[in-house]
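Protein sequence lines, in the order shown, are assigned to chains D and Z. Using numbering that gives the first Met the number 0, read the first sequence as starting at 0 and increasing by one per residue. Using numbering that gives the first Met the number 0, read the second sequence as starting at 0 and increasing by one per residue.
Calculated directly from the structure, the hints in this document are not laboratory data. Note that CB positions come from ideal geometry on N, CA and C, so glycine has one too. One or more hints might be untrue.
[As the list claims (entries may be wrong)] Have a look at the derived ranges for each label pair, beta carbon to beta carbon:
hint : chain 1 : residue 1 : chain 2 : residue 2 : range
1    : D       : Arg141    : Z       : Val217    : 51 to 61 Å
2    : Z       : Ala29     : D       : Glu500    : 44 to 54 Å
3    : D       : Ala148    : Z       : Gly137    : 54 to 64 Å
4    : Z       : Ala29     : D       : Ala481    : 52 to 62 Å
5    : Z       : Leu50     : D       : His469    : 53 to 63 Å
6    : D       : Glu300    : Z       : Gly137    : 34 to 44 Å
7    : Z       : Gly137    : D       : Gly36     : 48 to 58 Å
8    : Z       : Val217    : D       : His268    : 45 to 55 Å
9    : Z       : Ala29     : D       : Pro40     : 22 to 32 Å
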Amino acid sequence: MSTATPAALTEPRTEPGADAAPAVVASVRGLRIAFPGPDGPVTAVHGLDLDVERGTCVAIVGESGSGKTVTARALAGLLPRTATWSADTFELAGRDVRGADEHAWRRLRGRTVGFVLQDALVSLDPLRTLGAEVGETLRTHRLVKGRRAVVERVHTLLGSVGIPEPELRARQHPHQLSGGLRQRGLIAAGLAGDPDLLVADEPTTALDVTVQAQILDLLALEKQRGATILLISHDLAVVARIADRVLVMRGGEVVEQSATDDVLRRPQHPYTRELLRAVPSAASKGLRLVDRAPLVRPEPERTSVVLAAEHLRKAYRVHGRGGATELVAADDVSLEIARGETLGIVGESGSGKTTVARIVLGLVEPDSGTVTLGGEPWTGVPEARRRHLRRDVQLIAQDPLGSFDPRYTVGRIVAESLDAVGIRGEERRRRVAEVLDQVRLGASFADRHPRTLSGGQRQRVSIARALAPHPRLLVADEPVSALDVSVQAGILDLLGELQAETGTSVLFISHDLGVVHHVADRVLVMTGGRVVEQGDVDDVFHRPQHEYTRTLLGALPAVSPLG
Amino acid sequence: MTATIATPAAPASSSTDGRRGAGRPAGLAARLRTLPWGVLVASALLVLLLLVVAFPGLFASRGPLDADPLRVFLPPGHGGLLGTDQLGRDVWSRVVYGARYSVLIAVSATALGVLAGVLLGLLAGLGGRVTDEVTARGLDVVAAFPAILLAIVLVTIVGPGIPTVIVALAIASVPRYARIVRAETHVVRRSAYVEQSVTFGLRRTTLVARHVLPHAVVSVPILATIGLGTSILAASSLSFIGLGPKPPSPEWGAMLADGRNYLQNAWWISVFPGVAIVLVVLSVSVVGRWLQRRFEHREHA
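Okay, chain D solo, but in the shape it has when bound (with noise of 0.2 Å):
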């Protein structure tokens, strides 16, 4: 990789896009960025150190809390009015903005500094069109005179980052726009002003895996046509495949900083080889991810099913300008899943996968189709009559503080399982403290509030309350989607070792790959409510037949797996 020219620090700016523009486009050194909070002022970014050279793409990565986003908005001079923030050098395109006031700001962004916002649906605006937007920059910057070439350029722009049909795009308003075309869109307002530095943010977090893929492709692209990107994002294989530098940040300190390549093959820092060791894969397979121990399950018993579904099929009805049509979310749907197997779902959104979760647990009714849970009927029979067996399938949500009761404490929220098959007073007690034990929380868990819990520990109550009446099957909906790394290794290694000890079933869906490869023992592929795939989920991800399986693993970014 090549090193900072020091002497292009001092270079003043002279024309924009001269070729005497300085070549460290954003150069930071000793900056802090601290919160008032109720005892004092709180730290978000102690002494960051940074240098982004002109044409590279350099990458931040941390958790929840690690100060990459509020580093990110003070690049763009977006840190909110109770922030206070100081530096030794903060200069972008080789101008001091140390000083600047929001209307020295407000120049700047634009045209120095672009930034694409993390939401791609909240950061537009829903009564404008995307034209209008893109257009925003050029207009407010007076850089292209005139309606018709304001629209043109629009035009332009949004072609070049590859939205189709930019003539009928640029008229349409964001809720006519899928969640790609709508990033795509605001990296195209980002790069409307041709900025010296593109400050993305979490840019493809919400995305499916393929649209993931080709919105990094594009970012790729604009580093080749020599646009300079600062990238922010959790997630250390979304960054490995564009950014030549990588910053690892916690708590707000950065502590490791190299080529990308270094901190992905020779990281020095424990934190990082942490991070990097939490990541599952098809390597991490049988192992805990939290230590890369051994973690041993029995095999499933093959004759022993738990439960069967043949042949499902859901439609709904959607009602549009051409009346009402039928939206198939699920189409002949057959699935089986043993006594201590576990069984993966993959697919985008969409698939259908949310659609088979609802069916097997019992929330929606297929419009054809059957499903036996244990050999008993489980749909097409009435509530009465299956209210028994509910016990049996327990689901754990993606979102659990959702899934709470709001004025439930944990103890109330975990017993309430409980209650449904008639264990109550001591021994209803004795049971929630040994669950809440199981999951790794303890008893005194209990009379806490979820919302004082963290996402990890809301996760593990949710858990808790799942395994509560002995369940023969446990629906994992996206378990760990809404977790930082490191927190979904242990729920996935506290799940592996849950599954270890009761023996008990699970369908797990997810639109993570990894994931899936790493805790399940068969794979569904779904796209379009069908399955295209089943099988071994090494033959399937390893050997896979179907070229939508292809397409999903060709789009997933990998880290390779550390030795």
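Please build the complex by placing chain Z on the supplied structure of chain D, with the hints as guidance.
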């Protein structure tokens, strides 16, 4: 000078009181000091109203119906605190004893309205599409008629009297409660935690009682407080046009109607009951709105 020094200190101390109050119970006096003065005055008036309703004998020495043909049309101060009316009855005593009617009618009507509203709202919110639509449109029809008109219809059917007024006001207030409960139920029944409790195998009634009802009715007490004020006003209006308690009952609205014939010579006969109505309705509204603001603030926090 002293004032300018003292002023900046005051908000600081009150804000720490507020924080302490949120955490653990602080002294009542400290908590009261954080209230806006308007709310304080309104609450004091309502406490006084309740005392008057419970023990009218403590506040008035004469009975509300004690006529004295020798002491008619005496102005305030000369014959009793607020003067006497055309039959020589003490206006102050009548206002004091009349509080009972207003409070009885308003509280009963509101309680009845809340009960029916919550049940209808739940029925609509939990029922199928047909039940929901029929109930919701029915509520729209009721809401389209003013309470007065409903009462007139009712009175022509069953005759005037306190029960009629209560029932009429209750019916008129049902849509207000039913609509909010219906809307909340719609939200809650689709929430993840209700869905989750279905997977436990809870009975439907248990599920509704535990997870739907408590969340659907959170804003009802506040609406009911504000509704009390409206009911007091409406009850007085109905009495005013002769649909409420029969004379000589000292109902405020009826007294207002009674006194308006003598307005030029003895204004006090109708003005004081009017002042009583205004004060009570205003106090209830101030307290109700304050509760509402606090509740919304907590929801957003």
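Verification of the supplied hints:
1. At roughly 52 Å, the beta carbons of D/Arg141 and Z/Val217 sit within the given window of 51 to 61 Å.
2. A beta carbon spacing of about 53 Å between Z/Ala29 and D/Glu500 agrees with the range 44 to 54 Å that was offered as a hint.
3. Hint check: D/Ala148 to Z/Gly137, Cβ distance near 59 Å, so the stated range 54 to 64 Å holds.
4. Checking the proposed 52 to 62 Å range against Z/Ala29 and D/Ala481 shows it is violated: the Cβ atoms sit about 41 Å from each other.
5. Under the hint 53 to 63 Å, the C-beta atoms of Z/Leu50 and D/His469, about 59 Å apart, fit the expected range.
6. As the Cβ distance of D/Glu300 to Z/Gly137 is approximately 57 Å, the hint placing it in 34 to 44 Å is violated.
7. Between Z/Gly137 and D/Gly36 the Cβ separation comes to about 53 Å, which falls inside the hinted range of 48 to 58 Å.
8. Range check, Z/Val217 to D/His268: Cβ separation about 49 Å, and the 45 to 55 Å hint holds.
9. The hint said 22 to 32 Å for the Cβ distance between Z/Ala29 and D/Pro40, and at roughly 29 Å that hint holds.
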